[in-house]
Amino acid sequence: MATQTVISSDGNGVKRPHALVSSDTPREYSDPSVYDIYHQKFNSDGNPTSTEGWLERARTVSQILGEDAPARDIANLSPKAEVSLLKSAGLLKVLGPQKYGGGGQTWDVAYKVIREVAKGDGSLGMLLGYHLLWSTTANVVGNEEQKERFQKLIIENNYFVGGKSSK
Amino acid sequence: VKRDTCDIHLPSLVDFFTQMETNVVAGAVNPRDNDLKIKEEGDKLIFDGAKNFNTGGVVSDLTVLEGVLEGTEDHIFTFVQTDQPGIQFAVRKIPQNPYTDADIK
Numbered sequence: 001m002a003t004q005t006v007i008s009s010d011g012n013g014v015k016r017p018h019a020l021v022s023s024d025t026p027r028e029y030s031d032p033s034v035y036d037i038y039h040q041k042f043n044s045d046g047n048p049t050s051t052e053g054w055l056e057r058a059r060t061v062s063q064i065l066g067e068d069a070p071a072r073d074i075a076n077l078s079p080k081a082e083v084s085l086l087k088s089a090g091l092l093k094v095l096g097p098q099k100y101g102g103g104g105q106t107w108d109v110a111y112k113v114i115r116e117v118a119k120g121d122g123s124l125g126m127l128l129g130y131h132l133l134w135s136t137t138a139n140v141v142g143n144e145e146q147k148e149r150f151q152k153l154i155i156e157n158n159y160f161v162g163g164k165s166s167k
Numbered sequence: 168v169k170r171d172t173c174d175i176h177l178p179s180l181v182d183f184f185t186q187m188e189t190n191v192v193a194g195a196v197n198p199r200d201n202d203l204k205i206k207e208e209g210d211k212l213i214f215d216g217a218k219n220f221n222t223g224g225v226v227s228d229l230t231v232l233e234g235v236l237e238g239t240e241d242h243i244f245t246f247v248q249t250d251q252p253g254i255q256f257a258v259r260k261i262p263q264n265p266y267t268d269a270d271i272k
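These protein sequences, in sequence, are chains G and C. So for the first sequence, our numbering puts the first residue at 1; every next one is plus one. So for the second sequence, our numbering puts the first residue at 168; every next one is plus one.
For the record, the hints were derived by calculation from the structure and aren't laboratory data. Note that the structure is a prediction, hence the values are computed from the model and not measured. Wrong hints could be hidden among the right ones.
Derived lysine-lysine pairs resembling DSSO-like cross-links, with alpha carbons at most 30 angstroms apart [said to hold, decoys possible]:
no. : chain 1 : residue 1 : chain 2 : residue 2
1   : G       : 87        : G       : 147
2   : C       : 211       : G       : 147
3   : G       : 87        : G       : 112
4   : C       : 211       : G       : 152
5   : G       : 152       : C       : 204
6   : C       : 204       : G       : 147
7   : G       : 99        : G       : 80
8   : G       : 152       : C       : 206
9   : G       : 147       : C       : 206
Just need the whole structure built from these sequences, with the hints factored in.
What follows is the structure in structure tokens.
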């Protein structure tokens, strides 16, 4: 397997190498169908409607992920399946406005949900935390119209949001 | 970062500032890195740059980009679709056990 140095621009016209980049190895993802039985259960149960219900849902997800977290960590696949579990369990929507299908919970509940998931799988707790932060970006830097528009977009589509800002 | 231009079909925070449709050329992500540069090109905004990390980015549906508009100190955030030619992710091979016995001693 050839490892090749890839040069990229940093936006200042400065070229630099990215170490350990293998350009001939396709990215490998975990398969969401491994959680089909849970997707079906969560779909039929619907999203929780109370704070305790959200924490209970988080504990269930934590238990599922905790069964094989070390093995999945070693396998080092990009976590498409794991994120699909967060989606079907509804956890990406815990903070979302109820009028768009979200849980309407507050940040203190969201942090408890993150902690519950992290007990079973620290990496997935981190991803959930990042998503909840990024998905509420417009609440912080946007105006009222943008806040509504992006909450609607993200919650109704059950999108998982990544991102990055500097400094 | 490859300079493939592609239209995004999502509403953008940027249109609050520009009242224009937005076009994103390139993005990627992480602190420790420089801000993305934003250039105006006709009625489009082009985000250009590279980031070393983007937690969860490769499995995301949307990516939040932040950059600075050229010639200003204005920071602009936008949501874009992650799956587009303007955003490319490197494949990093992370050693499973980076420590040798000697390191552990």
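Against the structure, the hints come out as follows:
no. : hint              : verdict
1   : 87(G) <-> 147(G)  : holds, 21 angstroms
2   : 211(C) <-> 147(G) : holds, 22 angstroms
3   : 87(G) <-> 112(G)  : holds, 17 angstroms
4   : 211(C) <-> 152(G) : holds, 25 angstroms
5   : 152(G) <-> 204(C) : holds, 28 angstroms
6   : 204(C) <-> 147(G) : holds, 24 angstroms
7   : 99(G) <-> 80(G)   : holds, 28 angstroms
8   : 152(G) <-> 206(C) : holds, 29 angstroms
9   : 147(G) <-> 206(C) : holds, 25 angstroms
Checked against the numbered hints given earlier, the structure satisfies every one of them.
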